[in-house]
Structures are given as C-alpha cells and as structure tokens.
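2 protein chains.
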Amino acid sequence: MGSVTGSVDLAGCERLQYDYGPDRMPKNRPVLFTMWRYRELLPIPDGPVRYPVPIGGTPLLHAPALRHALRTPHLWLKDETRNPSASNKDRATALVIEDGLRHGLRTITTASTGNAAVSTAFGAAAAGMRAVIFVSTDCSPEKLALMTQAGAWVFQARGGYAAAVDLSRTAARTFGWLDRNTGVNPVTIEAKKTVAFEVWEQLGRRLPDVVIVPVGDGPTLVALEKGFAELVSCGLTTRQPRLIGVQADRCQPLVRAWLGEPVRPAELDPAATLAGGIAVVRPAIGDAVLDAVRRTGGGMVPVTDDAMLSAAAALAGRAGVGAEPAGAAALAGLEAAVERGLADRSETLALLVTGRELKASDATYDPRRVTVAESLDDVERALSSRRGTTSGFSCSA
Amino acid sequence: MGSVTGSVDLAGCERLQYDYGPDRMPKNRPVLFTMWRYRELLPIPDGPVRYPVPIGGTPLLHAPALRHALRTPHLWLKDETRNPSASNKDRATALVIEDGLRHGLRTITTASTGNAAVSTAFGAAAAGMRAVIFVSTDCSPEKLALMTQAGAWVFQARGGYAAAVDLSRTAARTFGWLDRNTGVNPVTIEAKKTVAFEVWEQLGRRLPDVVIVPVGDGPTLVALEKGFAELVSCGLTTRQPRLIGVQADRCQPLVRAWLGEPVRPAELDPAATLAGGIAVVRPAIGDAVLDAVRRTGGGMVPVTDDAMLSAAAALAGRAGVGAEPAGAAALAGLEAAVERGLADRSETLALLVTGRELKASDATYDPRRVTVAESLDDVERALSSRRGTTSGFSCSA
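So the sequences go chain by chain: A and B. Following full-length UniProt numbering, the numbering of the first sequence begins with 1 at its first residue and continues without gaps. Following full-length UniProt numbering, the numbering of the second sequence begins with 1 at its first residue and continues without gaps.
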C-alpha cells in the first residue's frame, strides 16, 4: 500500500508525502491489453503491428449496482465503448487497415449507417490512410461532422443505405480501394471474434452461459460464434455459450425469420426506431446469424425503443457506462430473453455494450468534404476535382 | 503469426480457417493496465480495489502522420480521452471515490464547469454512490443530460462557477459528503500524478524533454509536476521535464501572472472562449501552477479558439484522436511554445489530450433532477422533498 508519511503545503496546495525509493515503481513493463494478443488466430503475418492505436482489450465489468438492481448475480458487461471511437467497429477497422497497410493500399471505403463510418474515418486518419465513406442522405449532421473532422470524404447516396453499399463496393472494385464493408470482407469477422477470446480469458478461461448482443447486419454476433467455436476447435473448451440476438421491434427481420413468421411492414421501418445502428432491412449476413443462433441453442428477441432508452439509463445510472440506444440493446434484450425463457437471471450472462455517441469538437461539418452522389461517375468527378490540391486526391488507391 | 489454412462458406458467410490447437491462445492471463498499478504511491490501504471500473493506463500514441505533418519526430500524445467518461477527470473521480468507499461514505459532491461533473456522475453511478453536482446556470443542456442520465442530482448556482464551488464545499462540510472539488481534496492530485508515472514507463523509463498541458484550475499540471518530482525522490531519475501550461487567450490569468503582466478584462472572460474546460477566472491552485512551471524551467502560453479548433482537427485528421477544444489546447500550445523558444521540434514532446465531448443517449435532461439553488437551504429542501421516494434521499451522507 501507499504509506503516506505526512503532507506539506507547497504554494498553497497540500501535497501528500511518502516513503520514497526505487521499489515504489513496478519492475515489469506495463503492457497494454489489446486484440493483437490473439495474433496466432488473426490473418496477419509476423512482424510489428503497423496500426498505431491500441484496440480491444476492453473491460469486462461486474457492475455491482446493476447486478443488484436486476437480481442477476453473475451479470457481466463487455464495455466496447472503451474503444477509440467508442464502438466495437474499431476492431474491424483496425484489422482491415492493418491488412491494407501490409498490401500498400492508401484508401479505404465503407458504407455505413453511422458508427462504422466514424470508426473508419478516425482509424484511417490514425494510420495515414484516406477514407471514402458512403452514407444515406438522412445521415445526421453530427455524424457527418465527426467524419469530416477526421478528414474523410463523404458521399451521400440518394438511394439510401443499400445504394450506399453498392456504390462503396463498386468503388472498391473499380479503384482498388480497401473494402471494409460489413459482411463482405471476412477480415471484419476475424477482428470481431476477439471479443469472444477476451470474454473467455477475462472470466478466467471460463465461458458465460449466455451472450446477448445487438444485431443489425450481423457480423458482431456471427464473429462471436466463430470465436467461441475456435476455442472449441483449439480443444480449450467443449461447448459454446448460447447467443441471443436483439433487434429493434420496428426493424426486426431476423427475429421474424427466426420465429418462422412473416415480417409486417411496420416491423421493417428503420426510420421508426432510435436504434439506427441495428436497423437494417436486409442484413448483409442474416442467414449466418440465424445459423449461429441455432447452433448455439440461443434465440432472437425484439425490443422497443422505450426499453432501449431505459436500458441506456440503467447502464449509465447503475454501471456508469454511457451507451446509445442500439448500444444498450443487449441489456433491453436481457429482460425479453428472461421473459421468453431463453435466459435465467441466475446464469452467467455477458452483455455486449457496443457503442456510445460522440460529439465533434466543431458541430458543423465541412461541406467541401460531403457530396451527394448517384453513380460512380459522380464520385470520380468530385474526387478528381480536388486532385492537386493539398486536401484532394485522385481515385487510384 | 496466424496461419490461415483456408476458408469455408457457412450460411453465406466466408470464414477463414486456421491450424487450431491449445497453444493458439496466450498462456498468461491478460492484465489491464490501470492507474492502480501505482498503489505504492497512492494514499489507499492494502486490499482489493473497490472502484469497479478500470481507469488510466491510457495509450501514449506515437501518431506517425501527425509527427510527419508537424516535423516533430519525437512527439507523443497521451490520450486521456480513453478514460471511461472520455477525460482525465476520471482518475481523480476514481481515487476520491475509492477513498470514500473505504470510509463508508455514500454521497459525493463537486462543482464543475463540465467534464469533472460528468466524470463524477458516471463514476458515482458505477460505484453505487449518489452524486450531487453544482454547476453554473449557463451549463449546457447536453452536459446536464449526461449528468442526469447517470442519476446525478444537479444544482444550478445563480452566482456562477464560484458560487457553485462555495455551495458544493459548504454542503460537503455540513452533510459530511465526500468532497471531490478540484484543488481542495489532495487526493485529486494524487490520482492525476499517475499520468507522469505512465508516460515515464511508456517511454521505457525515460522522461520526455517537455510536457504540454491545458490549465484551468491547475491540478492536472500541478499533479504532473508532483509525479515527476516523486520519480526523482525515488531515485529513478535525476531531472524533470519542462512543463508548459496552456490557457485560452480569452481567459489567461495564469499566463499574465507568469509573464508578470497585468491581465486585461478581455483576457478574463470565460464566456468568450470555446474552451470552457480551462476557462477559470480565479484558478483554485494558481500559485502552485506558477511554482511548478518555474521549478521545471517551463512556461505558460496563450492560444486562440481558432488555434484550438485547428488543433482538434489535426488530432482527428492526423492521429485519429477526437478532442474538444480545451482537450486539444496542448497541441495548439505546442506551436505557441515553439514560437516563443520554450520548446524545440526536435525534442521529445509529450502532449496531454485531456478530453473529448460525449453525447447522452437521450438529448434532454431529466428536469426532476435539476434545481436552481442560491443557498444550502434550497439544496436541503430540494433533496428532502424527495426523501422516501425511490429516487430521492436525505442529505445525510
């Protein structure tokens, strides 16, 4: 312990004094806990990691006050908001960029409803890469401000998220850019599976009974299943935790598919929910989500916006964890899962808190970096017009 | 390295395969790097740490693209935005609460212009404590929303920040609450000095030549000086880095005092700068700041709002680090320090990035938790009126 020996006043400020000596400092070097710990099961060759920002190694919180309030004595929160852009998207961004740097690529692209775009913009900036982001025209000015502050070039696709994905993927193929699109690049799954490894290690090489996770396009859940399956393949455990996927009741295509029921139009309206991050009409890897849930003996549950806001308030007020509505969906889903008999309060329950909202230092976005686009020609024209300027570039990767 | 042996398609999703075996997982347990690493020089007794959220152990980034742009080959960013409420205030919050928990206290209070209030609200929630926060009436609704979301009780002091400090300190004395006020509780300095230990260790037990840091009330700079001085006292190093403090040119009492010049009214206007977090008319421990700067051979520099916004853009666009204007002040101050001959681009320069802005999941604050107050009677009346309700409490600690 710290042996305080007294205190002195120095220029009006009280300073505690100790018994000083060289042994007061730890002997071993501090090591950051990051996802690169799992290099042996990641698709990158030997050699130093080039991505210059530590990613992953997020805390697994035991949240005593929340446990008490919910009567869940073995609840754990995997706090992915502690990543640099405050979401679990940073894992995929980092591994995709690491891979790209090793292949000499200079430009990365993605389509996104929000967090993946912000993560890509900040991650590319850190790595000295250029980011070209495709969003739908209803992307909020605050999110745009975050992207342009980090120097990204943003295109608003008139045809919505699906059109943004098409444009981004076509641009990647045409110009040879690094493609970070969710569900397309298998490297994103590799990155996100490290959450499973971390939870297992943080529980002392034990598995939780249940893991609950928000589902939009699907990679977060599918990657968790792959991570736990790889622990089985490695002979380190014999079973997998049950995976429970959570969707917003206003956009729940995978819940209905799971139940084998037709989905009603009111249940496919992404604009009708606050949980933009998981409101996807046609999930990129929906079949893989259903397959992963089935193989682990889990389930899919819908939650209301009110339930997500209450969950966000409970995370903040009972665990000190800030989360956006989609980021708090797993906690909302816990109640739904208990009601449906998919989980029991006495089990070891791990909840992924996937993201929180950030603010840009300057509330307005840079309009020179944001263009409405309908075709790849629009993209090429906009970027070429900036060729030769200090901030512009040509489309070649 | 990860030896990918092939890939399979599973339900429409490409999955990479490896040569699996138990040796693919690290043998040692992962350890989070946190400020508790420095227990031997912290004023808490032996035994498990009670504060339930990891704090500190933030990355020291080498920011290659920013180094290149600034022609500062040995620049380092100490990224304090990676703390749970995205600022360095979390260190002080955690150690004060740890101390309070060990003394059986149930309520914590502070006055704040913003970040310390948000940090206290979230930290208290994590620890199951009640937070009573005093702000001035011009505190933004967004910051209030963050505080009330975490369940804090907020009082807006009509007399501004100085009145808020008075009320908070009086309430702490009268009701026996834990007093987290900046510059009052020496434990806050103890917590923030761990940044010095971390920088020294992260540089391989070497010191930077210069450390640049934003200055409002002063504890961050004073604590750094104490941390480096303790490394000298321990016999682990013989010198200290030069400390350079940065203030907004619209509120620069300590820069003028440092230069021995009178301060003009236009230089004492906290409302005139975007850098609210460092705009303090009467710094709580200003004399100690000047003393620390003098003893390390450093200096004090003013920066404009435009310079801070440019610095925030450079941090985002060249290093992938989001920062609010006050949080980016150290980078703005680097240019000013170089101009004045206080630092050289070729030196080993460590810049503290102290905070970034967060958003609450719900944009509006809970009005039941926010009260305008002029006296302690107002505080007691407001809190007592909630006695017996599930969310209210009496004033006893």
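Just so you know, these hints were derived from the structure itself, not from any lab. Careful, some of the hints might be misleading.
[Said to hold, decoys possible] Short derived list, chain A residues pointing at chain B, Cβ under 8 Å:
no. : residue
1   : R15
2   : P26
3   : P48
4   : V49
5   : H62
6   : P186
7   : E201
8   : E261
9   : P265
10  : G322
11  : E324
12  : V338
13  : R340
All residues carry an ideal CB built from backbone N, CA and C; glycine is no exception.
Here is how each hint holds up against the structure:
Using the Cβ-Cβ criterion of 8 Å, the hint placing R15 (chain A) at the interface with chain B is satisfied: the shortest such distance is roughly 6 Å. For P26 (chain A), the interface hint holds, since its Cβ comes within 8 Å of a Cβ in chain B; the closest pair sits about 6 Å apart. The interface hint given for P48 (chain A) is violated, since its Cβ lies 12 Å from the closest Cβ of chain B, which is over the 8 Å cut-off. Violation of the interface hint for V49 (chain A) is found here, the shortest Cβ-Cβ separation to chain B being roughly 11 Å, above the 8 Å cut-off.
Taking 8 Å as the C-beta contact cut-off toward chain B, the hint placing H62 (chain A) at the interface holds, the least distance being around 6 Å. A hinted interface residue such as P186 (chain A) counts as satisfied when its beta carbon comes closer than 8 Å to some beta carbon of chain B; here the least separation is about 4 Å, so the hint holds. About 5 Å separates the beta-carbon of E201 (chain A) from the nearest beta-carbon of chain B, less than 8 Å, and the hint is met. Annotation: E261 (chain A) was flagged as interfacial toward chain B, and the flag is violated, the nearest CB pair being 20 Å apart, outside 8 Å.
Evaluation of the P265 (chain A) hint against chain B yields a violated restraint, the C-beta minimum of about 25 Å exceeding 8 Å. The restraint placing G322 (chain A) at the interface with chain B holds, with a minimum CB-CB distance near 6 Å, inside the 8 Å limit. About 5 Å separates the beta-carbon of E324 (chain A) from the nearest beta-carbon of chain B, less than 8 Å, and the hint is met. With its C-beta approaching chain B no nearer than about 22 Å, V338 (chain A) sits outside the 8 Å limit, and its interface hint is violated.
Contact between R340 (chain A) and chain B, as hinted, is not supported at the beta carbon level, the nearest pair being about 23 Å apart and thus beyond 8 Å.
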